[in-house]
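Novice: Here are the chains, one letter per residue:
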Amino acid sequence: MYVAVKGGERAIEAAHRLLAEERRGDSRVPELSLAQIDQQLSLAVDRVMAEGSLYDRDLAALAIKQARGDLGEAIFLLRAYRTTLPRFGVSLPIDTGRMQVRRRISATFKDLPGGQILGSTFDYTHRLLDFELAGGAVATRPSPIELEAADPAACAPPRVLDLLDREGLIESDPAGDHRATVVDLTREPVTFPAPRAARLQNLARGDEGFLLAMGYATQRGYGRNHPFAGEIRLGEVSVELIPEELGFPIEIGTIAVAECQMVNQFRGSDSAPAQFTRGYGLVFGENEKKAMAMALVDRALRSRELGETPAAPTQDEEFVLSHSDNVEASGFVQHLKLPHYVDFQSELVLVRDLRAAAGASPRP
Amino acid sequence: MSRYNFAYLDEQTKRMIRRAILKAVAIPGYQVPFGSREMPLSYGWGTGGVQVTASVIGPDDVLKVIDQGADDTTNAVSIRRFFERTAGVRTTTRTTQATLIQSRHRIPETPLAPGQILVLQVPIPEPLRWLEPREAETRKMHALEEYGAMHVRLYEDITRHGKVAQTYEYPVIVDGRYLMRPSPIPKWDNPKLDRNPALLLFGAGREKRIYAVPPHTSVRSLDFEDHPFEVERWDRPCALCGASDSYLDEIVVDDKGGRMFVCSDTDFCAQQQGRREDGEP
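As they're listed, the protein sequences go chains A and B.
If you're matching positions, the first sequence starts at 1 in my numbering and goes up one per residue.
If you're matching positions, the second sequence starts at 1001 in my numbering and goes up one per residue.
Please note that a few of the clues may not be correct.
[What the hints assert, rightly or not] Derived list of chain A stretches under chain B, where covered just means 3 residues or more per stretch with a C-beta under 8 Å from a C-beta of chain B:
(1) 71–80
(2) 186–199
(3) 328–335
(4) 340–353
For the record, the hints were derived by calculation from the structure and aren't laboratory data.
In this text, a Cβ means the ideal position worked out from N, Cα and C, and glycines have one as well.
Bound-form chain B, shown alone:
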């Protein structure tokens, strides 16, 4: 791989992306357009996240890559290998040992620490996109802080279903100003966005946008006084580790309706299991 620069991207490109990241950090929740490059990875498979990671990673970083919360899903394996090959960095599956975590669709259950960076892959960055397909229009709506349409949308859910029917990519207001789509994380993860001590970066390659939630920034999930924001609930704990405070995946175990619920965060689950074996409560 010696014909490619450290972490694949050339230094000029990294500098351009870092400038976009700095701007994103300076204006929390604002989508910064950037000159997204064609990556040797399909669009929609994490090209934005990979470019952000490639621009901030250094030789001393320890990288963790997850997809759906798991370290061993095929696309997580593929992206982790990409950085092993192009940057030669150390990798880990332990959330606490990573300095840099790239993720698709989840924020780890283990609380992040100051100094850590979480990079989220984003398919559609624009929170208003399903309400207004035109970019020229939605940029104007952001500029004017014209977010009434989103409240109306949530209200319509309540009149129709009795509750807000948005389950993932639940819209949030960042730092009291910008409406943001928190990538398609389940709303279970939304509370973790608020005042998180880590730096949260969002990269959308195909749509050519980067945005950020700097450490300790307020992130509020939209709701109403009489219909407060709430997260998913399960009526049983994880079948493997017994945790009742983690997001669960549903596994179909037979064709007779048998189901099993296990932690989506594989590292968290393994840590809990280890703790149980050690006799901790």
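Only chain A is shown next, with the shape it has when bound in the complex:
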């Protein structure tokens, strides 16, 4: 009669076999290749690399395939692999001012050095299902775009916020020191109050949906910070490292990133003239939506250092940083599936006692 949870071992094995079968689906349908995922689901690959904190398209594609397209699960797979990798150095800060841009727009100036470059974007598409795409084998290849001979400035245009900075209109970014120890949230637990570098690192690998909601909340008044999209740029930047034995930087590769620099609410006083403030977002791959949300949240989390009184959850770093991680959140939410009958029994005993003490009789 008492069968409850006996046979856990066999059940797990069977569950794994079922999972493998369902991942493959109908075997008459050709199997997906990693190259197909990389090329045709490239934004999914970007997201998995960003939240997985590992820039490797092949591994991200493999994770997506293994996870049956569940990006959260794919991110988890990539993270669990990343954690086993040795750390052999820290790169120099990437210079997004030297980015080979594929897309670059500013919402604050109509035209500017380097121009507005629309690039590929969903923005002005009409969201109508394109039934021709469903056609399969006969889908035609779009004709190649004739690009105008690029003006050299257009390849690596100056950053919009640098233009404002030169006039003193916006707060200057603190000068970085590449010899300073870099915070690594995957090695050391975050402590509060957290420095901005730790906050940005947390947000860069934070869940896209969470950041989007938090950023959106700032726009609706929960920690409002009057943002203007000063500049959004997507493209390739080179990653440089100074090997100890060489003593000078060498390029070890290029990565695609999306960067967003927000121009925010100005501040000023009798002693300091008015200046705009900054919010910053940087994400692996082409995910500009997340970069924008990150910039909104970064600015909200700077409230204390900018002398504002934090009043909304979006300005509360413990609230935001402790709940931004997709892998942590999905693990803990889903752990409710694990048996809790010991604790529940303890509660049952108490509730029955309390009801008996109050003279309540059990229902017939």
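Based on the hints, put chain B in the right spot on chain A.
Specialist: This is chain B only, laid out in the frame that chain A set:
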């Protein structure tokens, strides 16, 4: 599995975790922050316990893994297999034969012996968390030994319900100093924490904290003179082994209100049944 180190974690990481464990042992009940790693197991499913176990386990250890007191619950099976695969250690379901026991939500009924290590998986390590959500604040409260809020909370239960309504993760004071959340064990298990001859280690992976109760350390469950601490009681013994001194699980046997109560600790229950068959009292 040859591409992974013994017990999965690399030696540097184990060393970092062992340092945290040593600090935890040196300051009983204090939550030591540590650089928790991403494990190939979901957060909330024992990542903290697994990291602690991986850092203290050796090739000669005999490992027992339980969840809700049982060796054959799915997550216990999964964690036991993880160490069988990555460390190749011997495993057992017998509490007395294990050198190392990883557990979720229970302390075995069979008394632990000197030299044994019990690793408990912890979801939320901070005992003050439901009273104060901010880590910066609760660390300050611990530093100042400011635990009045917890007493008030228990007192409020008494005024509202006539008794303390905390049933699991019942707060304790360790070594007369730190307030500690004994992981979500039922309060039935709290008395076993006190002066236990085994080393009790607590690992919280997602929250990145490790804490410990060293052997023979005093652990006192919070209470009041006129409302002394008490544990759960059942009005019947285990239906399988007849034990009346163990924590019972309730099994719903039909849809007409039929219930059956059996030991939550499956090894304890099996030993008792064996003893009954052997004709012992």
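Novice: For every hint, state whether the structure bears it out.
Specialist: Hints and how they fare:
| no. | hint | verdict |
| --- | --- | --- |
| 1 | 71–80 | holds (count 3) |
| 2 | 186–199 | holds (count 7) |
| 3 | 328–335 | holds (count 7) |
| 4 | 340–353 | holds (count 11) |
Checked against the numbered hints listed earlier, the structure breaks none of them; every hint is satisfied.
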